[in-house]
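Just add 28 to wherever you are in the sequence shown, counting from 1, and you've got the working numbering.
The set of hints was computed from the structure by calculation and includes no laboratory data. Since we're looking at a predicted model, the values are computed, not measured. Where a beta carbon is used, it is the ideal one built from N, C-alpha and C, also for glycine. Careful, some of the hints might be misleading.
To be verified - Label-pair distances were calculated between CB atoms; the ranges are:
(1) A375 to T235: 27 to 33 angstroms
(2) G410 to V377: 19 to 25 angstroms
(3) N366 to N409: 23 to 29 angstroms
(4) D126 to T321: 48 to 54 angstroms
(5) N384 to T253: 57 to 63 angstroms
(6) N277 to T244: 49 to 55 angstroms
(7) P386 to S243: 58 to 64 angstroms
(8) A351 to T244: 51 to 57 angstroms
(9) G205 to A375: 45 to 51 angstroms
(10) S243 to S318: 27 to 33 angstroms
(11) I202 to N349: 48 to 54 angstroms
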Amino acid sequence: MLILMTAIMILSIATVSSSATSVSITATSRQAKLGIFMYNYFENTNAPSSSSPIVVDTQSSIPASSGSFLIPKGTSAYLWTNQFSSATAIPSGKMTLDLWGGPTPALDGQASAGFNAASGSVSLTTTQTNDVVYVALAIRGTGTATISGGGLTWISRGSTAVGTTGQVKTFYAISSGTLSSASITATLSTSRRFVISAIGISGADTTSPFDPNLSTPAMSTGTSTNPSVSFTTTKSNDMVIGAAFINNNPTVNVGAAFNSIAITTSGSTMFGANEYKNGASSGSQTVSFSLSTSNAWALIGDALVPATAGTTILVSAYTTNSAGTTQSTLFSGLNSNNIPSNSGQVATVFSVASGNIPSLGYIKITLTAPLASTINIQWGNGKPTNFQIAYTYS
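Please work from the sequences and hints to get the whole structure.
Below is the structure:
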């Protein structure tokens, strides 16, 4: 009687992201009955994104810590196995990708300018359909203001003033098509110095754009070097926005973990400052700026939720040599399962072609975010993002 024995080999890797320094890999292997081999790698910190091999901080059990990183819309992140000590042939098999995360709204064009007049316009171009267009006006002095243009219907979102010194007002509209140099105009009740900033936001919910906990945006005013406003959100993966009027001419910096949209002056008498953060977890949020000198300010904090439909990402798998050059394509450009908008776990199984890994080579997985949405990937305690490649050999 002829007896055949088959073993299954599984490789698992941590996700690779956009911060922290490279550190060494540790790994364990174990052999169970029937010749089953398993190699586990769980990420325990964010690591640099790279198209060449990098060493990621991993451990052989799910870490007690946790974190997250973003794959910006239309860009890729790379996941690497450890280096193979000798040349290895991989027969065809299956790969399971286990991701935790979800899409977050993304910036889709911006325009900003300062004026000393009763009206002024900026020209906004976007690349995606079904955008939320968000406009912030920073105005020195008092008075009313309206927004028009772009063929859009504008809705007032919020307004707050620091005495008679200045004010900030926000508006929004829904753009079903892309905008090509669309003129967006602010009209004031009297001539004033002001700044208009307009941004397109793709991947947001166009029916109910704002976090359910914010029927109106959060607002605060004061005179200090640290404009800030705090609020609470109930949804995951929000885009958080800050829009401020800042008096006089200090140096202005955005808050920690925020990205600058535009910090624009009108003469040397005032600033309009705007910032955003993708992929915010639900809970307490703080929008802030820092000023080089104490000045009067008015600040609005807001949060837009991702579209309810969720999204998919493209996944590819390759073998590479020690320099990261592709040797074999295991599969290329396949959709993962739908990644839910409010974060969650998605496990997708792909068929893997055979391939060869040279000595000191790697297996590389590429994750590519869609053009409309940035993807927020989570890892760690309770969210073990990883992948496994399984195949048989004799």
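Please write out, lowest number first, the hints stated earlier that are contradicted by the structure.
Of the numbered hints given earlier, those the structure breaks are 6, 9, listed in rising order.
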